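Based on the sequences and whatever the hints tell you, model everything.
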Amino acid sequence: MEALVKFIQDEFVTKKEFPQFQSGDTITVYYEIKEGEKTRTQFFRGVVIQRRGTGASETFTIRKMSGTVGVERIFPVNLPAIQKIEVNKHGRVRRARIFYFRGLTGKKARIQEKRR
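Here the UniProt record's numbering is used: position 2 in the sequence shown is 2, and no number is missing along the way.
A hint or two may mislead.
List time: in silico BS3-like cross-link candidates among lysine-lysine, alpha-carbon distance up to 27 Å [what the hints assert, rightly or not]:
(1) 16 with 38
(2) 84 with 16
(3) 114 with 16
(4) 84 with 34
(5) 15 with 38
(6) 107 with 89
These are computed hints drawn from the structure, not numbers from a lab. All of these numbers come straight from a predicted model, not from anything done at the bench.
Structure representation (structure tokens):
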């Protein structure tokens with residue numbers, strides 16, 4: 001049964017090509033917002049906390065600081081409203097899910113940049 005579901009997802013779900021990113025990276029997600037009949041593009045820039053799931057149900061969580069309040073947003077990878085994703089910085093972290101990042105403030109909340 002799982003093979004059948006995977007086959008259908010691979011065949012019929014349209015996949016967009018986005019750059020490779022992982023937890024610890026700082027990315028900018030550009031997505032469309034509908035307000036009545038108008039649509040506009042808004043962006044969300046922050047650190048990737050986690051990626052979870054596979055295939056059509058894969059999601060990623062981004063965290064940013066808005067003033068002194070932390071804001072997190074979960075995006076499905078196959079969301080049709082996502083226009084593009086830009087990778088601003090590749091971070092060097094040792095875990096796939098950096099939930100400890102929520103409790104850090106100030107200089108401790110910095111992530112080292114990966115050398116390329």
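Do the hints match the structure? See the list:
Taking the CA atoms of residue 16 and residue 38, the gap is about 24 Å. The hint holds against a cut of 27 Å. Between the alpha carbons of residue 84 and residue 16 the distance comes to roughly 9 Å, so the proposed pair stays at or under 27 Å and holds. Restraint check: the Cα-Cα separation between residue 114 and residue 16 comes to about 26 Å, which is no more than 27 Å; the hinted pair holds. Simply put, residue 84 and residue 34 have alpha-carbon atoms about 17 Å apart, close enough for the 27 Å limit, and the pair holds.
This hinted pair checks out: residue 15 and residue 38 have alpha carbons roughly 25 Å apart, not beyond 27 Å. Distance restraint check for residue 107 and residue 89: the Cα-Cα separation of roughly 17 Å lies within the 27 Å cut-off, and the hinted pair is therefore satisfied.
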